[in-house]
Amino acid sequence: MAGSETNLQDVTSIDQRLAGLMFPIGFLYIWLIRPVARTVYLALYLPVGIIRIYESILENLPWAVGTLVTNPTGLFSPVFLKRVRKFKTLRRGYLSFLILSIGYGTSFLSELLVNDRALVVHYEGETYFPAFADKKYRNKDFGITKGSFRLTDFRELKTQIDEENAEKREANGGKPAPGENYVILPPYPYGPNENLLGLLEGNPPHSPSRHHWLGTDDRGRDVFARLVYGFRISVSFGLLVTLFSYFIGIIMGGCLGYYGGRVDMLGLRLVEIWSAIPFLYAVMILAAILIPSFGLLALILSIFGWMGITYYVRGEFLREKSRDYVAAATSIGLSDGTIIFKHILPNSLTPVISFAPFAILTNIISLVSLDFLGFGLPPPTPSWGELLGQGLSNLDKPWLVFSPMTALFITLLLISFIGEATREAFDPKVYSRLR
Amino acid sequence: MPNEILRVENLQTYFNTEAGVAWAVDGVGFTLYENEVLGIVGESGSGKSVTALSILKLIPNPPGFIHGGQIFFKGEDLISQDYERIRKIRGREISMIFQEPMTSLNPVFTIADQVAEAVQIHHKASRWEARERAAEILELVGIPDVRARLDDYPHQFSGGMRQRVMIAMALVLRPSILIADEPTTALDVTIQAQILELMLKLKEETQGSIILITHDMAVVAEMCNRVVVMYCGRVQEIGTVDEIFHESKHPYTRGLLKSLPDPRNKKPRLATIPGMVPSILDLPKGCSFADRCPDRMARCEKSMPPLLDVGKEHMVRCFLYEEGKAHPVTAKTDSSFEAASNESPATGDPTQPITMEDKA
Chain C
0 MAGSETNLQD VTSIDQRLAG LMFPIGFLYI WLIRPVARTV YLALYLPVGI IRIYESILEN
60 LPWAVGTLVT NPTGLFSPVF LKRVRKFKTL RRGYLSFLIL SIGYGTSFLS ELLVNDRALV
120 VHYEGETYFP AFADKKYRNK DFGITKGSFR LTDFRELKTQ IDEENAEKRE ANGGKPAPGE
180 NYVILPPYPY GPNENLLGLL EGNPPHSPSR HHWLGTDDRG RDVFARLVYG FRISVSFGLL
240 VTLFSYFIGI IMGGCLGYYG GRVDMLGLRL VEIWSAIPFL YAVMILAAIL IPSFGLLALI
300 LSIFGWMGIT YYVRGEFLRE KSRDYVAAAT SIGLSDGTII FKHILPNSLT PVISFAPFAI
360 LTNIISLVSL DFLGFGLPPP TPSWGELLGQ GLSNLDKPWL VFSPMTALFI TLLLISFIGE
420 ATREAFDPKV YSRLR
Chain H
0 MPNEILRVEN LQTYFNTEAG VAWAVDGVGF TLYENEVLGI VGESGSGKSV TALSILKLIP
60 NPPGFIHGGQ IFFKGEDLIS QDYERIRKIR GREISMIFQE PMTSLNPVFT IADQVAEAVQ
120 IHHKASRWEA RERAAEILEL VGIPDVRARL DDYPHQFSGG MRQRVMIAMA LVLRPSILIA
180 DEPTTALDVT IQAQILELML KLKEETQGSI ILITHDMAVV AEMCNRVVVM YCGRVQEIGT
240 VDEIFHESKH PYTRGLLKSL PDPRNKKPRL ATIPGMVPSI LDLPKGCSFA DRCPDRMARC
300 EKSMPPLLDV GKEHMVRCFL YEEGKAHPVT AKTDSSFEAA SNESPATGDP TQPITMEDKA
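Protein chains in written order, with numbering that gives the first Met the number 0: chain C, 0 to 434; chain H, 0 to 359.
FYI, nobody ran anything at the bench for these hints, they're computed from the structure. Note that this is a predicted model, so its numbers are computed, not measured. Accuracy of the hints is not assured; some may be wrong.
[Stated by the list, open to error] Just so you have them, the derived chain C footprint on chain H, three or more residues with Cβ under 8 Å:
{"hint": "1", "region": "92–106"}
{"hint": "2", "region": "118–132"}
{"hint": "3", "region": "163–176"}
[Unchecked claim] Example chain H residues on the side facing chain C (calculated, C-beta under 8 Å, incomplete):
{"hint": "4", "residue": "Leu55"}
{"hint": "5", "residue": "Leu57"}
{"hint": "6", "residue": "Phe64"}
{"hint": "7", "residue": "Arg86"}
{"hint": "8", "residue": "Lys87"}
{"hint": "9", "residue": "Arg89"}
[To be verified] Calculated cross-link-like contacts (lysine to aspartate or glutamate; reagent style DMTMM-like; alpha-carbon spacing at most 25 Å):
{"hint": "10", "chain 1": "C", "residue 1": "Lys81", "chain 2": "H", "residue 2": "Asp151"}
{"hint": "11", "chain 1": "H", "residue 1": "Lys87", "chain 2": "C", "residue 2": "Glu54"}
{"hint": "12", "chain 1": "H", "residue 1": "Lys123", "chain 2": "C", "residue 2": "Asp335"}
{"hint": "13", "chain 1": "H", "residue 1": "Lys56", "chain 2": "C", "residue 2": "Asp335"}
The beta-carbon is built from N, C-alpha and C at its ideal position, and this holds for glycine as well.
Based on the provided sequences and hints, a complete structural model is requested.
Rendered as structure tokens:
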């Protein structure tokens, strides 16, 4: 009796062991083998798809350019134009938009407004435009013998020439002499990368004064000038990274949503894996290996920052692709790429446009934080993050912290107002709350 | 016999669903001749639209796929053609109109752009030439004041006008086949009549053929030369419109015709076909209509009846018409459907009373 019982137990335990073995095999099959097999299958198809999409972008380029020339508003649907009108009625956002775009537009004139190089120098019958010239002017060019190979300090030159003119006028009986030399300086005659240690007394950072509105940083450079140039760099960077990352994100999201099925399953996993890479560390490592220029840093940030919009575009495409107009477009023989980019994309731009301001904002913050940590743009690029970093090590010099903080705060606030208004303009409901 | 332009043979289009493979279309075959209107009728889910979409390979894959069969268009098998070839055929040789005019036009493009697009793609025409072609065809489909409306957007048009634009879009390249998938279902009845008339007029002008998919027997009677009756993804009966309406053989066709409302008949209740359509996930082994058929025989549930010739071009999938039983008693079919209604009908010509005006 005892023996048979043992046998029975043995049999059960073999069953259990078998079951125990089967479970991991089944698990492996479902979670590992099958997805890998599908991945390989898909990988074979991916290049074909990419080529087709590339072809159709080329195909549609003449159309877009043609429309832009003959009928510029034709590129935008009446619904879009209506939203633009709605945006204009949202006063806070529209005002922020005007201020920021005027400010950004003006920042391209920074060289004329904030610069240590003179706009015009008229010397001995010849006219020079140092602010626009690549040539570096040296003292000998303007007849200064002292330190003749040093770069010209145009402020000094102006004082000197003005003094000479005054002497000549005195000799001439108060009348200006013909063929006078003159120097026209920009309104704020200090450059962002100019070392003012020779000009100012004491150790840097210097506190704000009449000539240097926000003082100087720890290398004796004018903080205001650096802020102005930093604004242009920050906003351009935000725009560029948003453009790059949206380009990648829209193509990815569009293809995932449009093709669906296996492409979607696999593509989303890739996106998830890519999102799991810690963004800041990856950028820091890359920035340490490569010496990042403005464009390269923008590219690196885009490569790690396109995933967010992909999900939204994919969702829009999943909804839009089942609309009848897509079937109608397919039935007249349009290619996949034409359908994705010409027919569905314009109908799926709502998340893209309403997220764009916030993306610009995020990218500006990313640049500031990278600069703050020292992994951003290479010195001596004027940057807000670097100024903040200086402020941290010079806590007793408050202007070093407050000026970039204020500039950053105002810029980000304006962009968020724009973003808020855009979101509201694209909201199909008239009121965002029940009233 | 006119020339054959499209021949569908044993088409099988299946869909993968979570509950299993759905046999949406299973072994459908028919022939389309030049310059004719072929109607495909059947109730919802009978595979009419899937058949039409299969012809242009528009089946969304996944979940759908064409499992087998051939579709010969001018002697060329469309099923085995690659994507590029199919794209060249779509719009230029075979085009399609969809059911819902409100959503079939892209809201962000002007109608001129949408109609012209096919010309630009297929004929490599310039934007301006394509626009001219679009204006011509839009005038032909009866858009009033075309030149002023070319740059209007779809939302500025009414449903009927949009369906006209859809027709213009489908016909701008003068395709030899126009597939109309319930083109008038979403329109009101007067507009329906106008659109159908327009399609017939354009068919005469372009010398093309039309495949008209509908569940409206009145539209079929009005428009078609020949009719395919589908049920559960299979062809149940094919014949000329007269044969289908006057000498219908299949119990399902007879049931369908019986259940049409007849304005001359003051019956309080409409005749119906008893029972339910079987699920396409779980089709019976034998005839799919067996459950609901008044003439059901024991063998109907065991094996699938083949398509049998009962006339020159008239075929029916029913065991009642096998060799040696050429003229079976059909009275049983009629009476059993009428059992659902309490009055005896004075059925005359079924095509006659159900015209557009009557329906309105």
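Hint check against the structure, violated hint numbers in rising order: Number 6 - this is the single hint that the structure violates.
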